[in-house]
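All chains should be modelled from the sequences, with the hints used to inform the complete structure.
There are 2 protein chains.
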Amino acid sequence: MEAIIINTGNELLTGETINTNASWIASKLYHIGIKTKRIIVIGDNCEELKRAIEWSMQEKPDILIITGGLGPTHDDRTVECLSKALKTPLKVDREAYKMIVEKYRDINLPLTPERVKMARIPVNAKPIKNPVGVAPGIELKIGKTTIYVLPGVPKEMMGMMEKHVIPKLELETRDIRSITKTVTIDGIPESSIAPILKKIQDTYRGLEVKSHPIGSEQKPKLKIVFRLIGKQSLKPESIVDNAIKKLWELLDEASSS
Amino acid sequence: MEAIIINTGNELLTGETINTNASWIASKLYHIGIKTKRIIVIGDNCEELKRAIEWSMQEKPDILIITGGLGPTHDDRTVECLSKALKTPLKVDREAYKMIVEKYRDINLPLTPERVKMARIPVNAKPIKNPVGVAPGIELKIGKTTIYVLPGVPKEMMGMMEKHVIPKLELETRDIRSITKTVTIDGIPESSIAPILKKIQDTYRGLEVKSHPIGSEQKPKLKIVFRLIGKQSLKPESIVDNAIKKLWELLDEASSS
Numbered sequence: 007m008e009a010i011i012i013n014t015g016n017e018l019l020t021g022e023t024i025n026t027n028a029s030w031i032a033s034k035l036y037h038i039g040i041k042t043k044r045i046i047v048i049g050d051n052c053e054e055l056k057r058a059i060e061w062s063m064q065e066k067p068d069i070l071i072i073t074g075g076l077g078p079t080h081d082d083r084t085v086e087c088l089s090k091a092l093k094t095p096l097k098v099d100r101e102a103y104k105m106i107v108e109k110y111r112d113i114n115l116p117l118t119p120e121r122v123k124m125a126r127i128p129v130n131a132k133p134i135k136n137p138v139g140v141a142p143g144i145e146l147k148i149g150k151t152t153i154y155v156l157p158g159v160p161k162e163m164m165g166m167m168e169k170h171v172i173p174k175l176e177l178e179t180r181d182i183r184s185i186t187k188t189v190t191i192d193g194i195p196e197s198s199i200a201p202i203l204k205k206i207q208d209t210y211r212g213l214e215v216k217s218h219p220i221g222s223e224q225k226p227k228l229k230i231v232f233r234l235i236g237k238q239s240l241k242p243e244s245i246v247d248n249a250i251k252k253l254w255e256l257l258d259e260a261s262s263s
Numbered sequence: 007m008e009a010i011i012i013n014t015g016n017e018l019l020t021g022e023t024i025n026t027n028a029s030w031i032a033s034k035l036y037h038i039g040i041k042t043k044r045i046i047v048i049g050d051n052c053e054e055l056k057r058a059i060e061w062s063m064q065e066k067p068d069i070l071i072i073t074g075g076l077g078p079t080h081d082d083r084t085v086e087c088l089s090k091a092l093k094t095p096l097k098v099d100r101e102a103y104k105m106i107v108e109k110y111r112d113i114n115l116p117l118t119p120e121r122v123k124m125a126r127i128p129v130n131a132k133p134i135k136n137p138v139g140v141a142p143g144i145e146l147k148i149g150k151t152t153i154y155v156l157p158g159v160p161k162e163m164m165g166m167m168e169k170h171v172i173p174k175l176e177l178e179t180r181d182i183r184s185i186t187k188t189v190t191i192d193g194i195p196e197s198s199i200a201p202i203l204k205k206i207q208d209t210y211r212g213l214e215v216k217s218h219p220i221g222s223e224q225k226p227k228l229k230i231v232f233r234l235i236g237k238q239s240l241k242p243e244s245i246v247d248n249a250i251k252k253l254w255e256l257l258d259e260a261s262s263s
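So the sequences go chain by chain: A and B.
Its first residue numbered 7, the first sequence is counted upward by one per residue in our numbering.
Its first residue numbered 7, the second sequence is counted upward by one per residue in our numbering.
Treat the hints as calculated values from the structure; they're not laboratory data.
Heads up, none of these hints are tricks.
Treat identical chains as interchangeable: a pair holds within one or across any two.
Within a straight-line C-alpha distance of at most 25 Å, the following computed SDA-like cross-link-like pairs (lysine to any residue) qualify:
| hint | residue 1 | residue 2 |
| --- | --- | --- |
| 1 | Lys-43 | Glu-60 |
| 2 | Lys-41 | Glu-60 |
| 3 | Lys-229 | Thr-118 |
| 4 | Lys-56 | Asp-68 |
| 5 | Lys-132 | Lys-147 |
| 6 | Lys-205 | Glu-86 |
| 7 | Lys-204 | Leu-115 |
| 8 | Lys-227 | Ile-113 |
Here the structure is a predicted model, which is why all the values come from computation and not from measurement.
Structural data, given as structure tokens:
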């Protein structure tokens, strides 16, 4: 299964906010066997969101996660833009409205247009309860793609992911395992190990082998990451273990030749 | 001036690495008056890079910054993919070759195909010296867009940005100021301040006013960010100051009514 993530928010484009939402979501997905194909960051801008959604939907991903812009203010326009991009009209959803009424009743505040706005979702969508804040999330199926629209406030987004999105996706990836193993190698520059890594990459289909220099070519230290997502029945963990064994063998050969 | 940033690397799509390169670059650009329009993160995948470049170039940005995939290994394919995307052939660049020869001569290592590979750049490009590591960066002009291809290793990317890219761009944005001011407000939920912020947004053209809840609707605390990029002669700082004054006035009015 493949996912695309779209994060909205001008603060992500000025560098003020580091996009930890994207890495948190990608990591959660990866651990249940779902690969993130792209992450797209745009501002609070309808035209940009429309283009990002269109560009993403061309790929027919299984999952499209959009964060940010669900709140009550003038620049919280994700739902309105989504509706334009997908050409689906909005309605005040009965269930979403109830969620919002209850939240504000608890804190003794009246309903205003800004508050009711958060109950407007596409006609063919379902609201997702916000376990932390107020604005509901949205779940929507278009073709083979399930779109999840989540808040940009990290604790609200995380709450919805953990309580709703991940448990649901886990049901579909029960037999998939994602394996990541890392080895660290001292004293060999990345440019010297390159042909060896290529040999391993070519031997094990689907495996990903990637070197990350954590020293320099002069004082080399490398982190080598092995990654594989696959069906449990195909034993992805032992494939990764074999590849690591092969790496040590090839390094031994190279140093003795 | 507008920029688009493309960051490549599978580690960014598994959540292992938080994309601090993007926020660091966006912040540097913002401070010299250049707005980042989009950030796109993709894996080590030629087809994806091609699509991301094509999608970006449709916007005719002034600057396109691409990071990652310049090293010596099999998955360092950014230059090869860029050449395919832009249909510009590659050559071993004399200047880039010299940079690499010198680096490896210093550490007494012979030139191998993997090392020479790092000197291959598009025929119409110029190499950028790597002040930290080995692989040169690339500068390339296509239409009105200047493309900078930089390493993914943060200290190498930062070195090239600080020594080469930023000083060059600063020459073109000398009369532009970017102003960001933040005020914190206690005790008002975001949904209550929303109409006030809309009024300010509508009054000051080009200004961006954005609220970030750092408390909750129940125990509200808001960070309100005011942002404006503009010519120094138009006094962007005093526009921001006036908008903040206006905010306090409207809040006073609201609390006394």
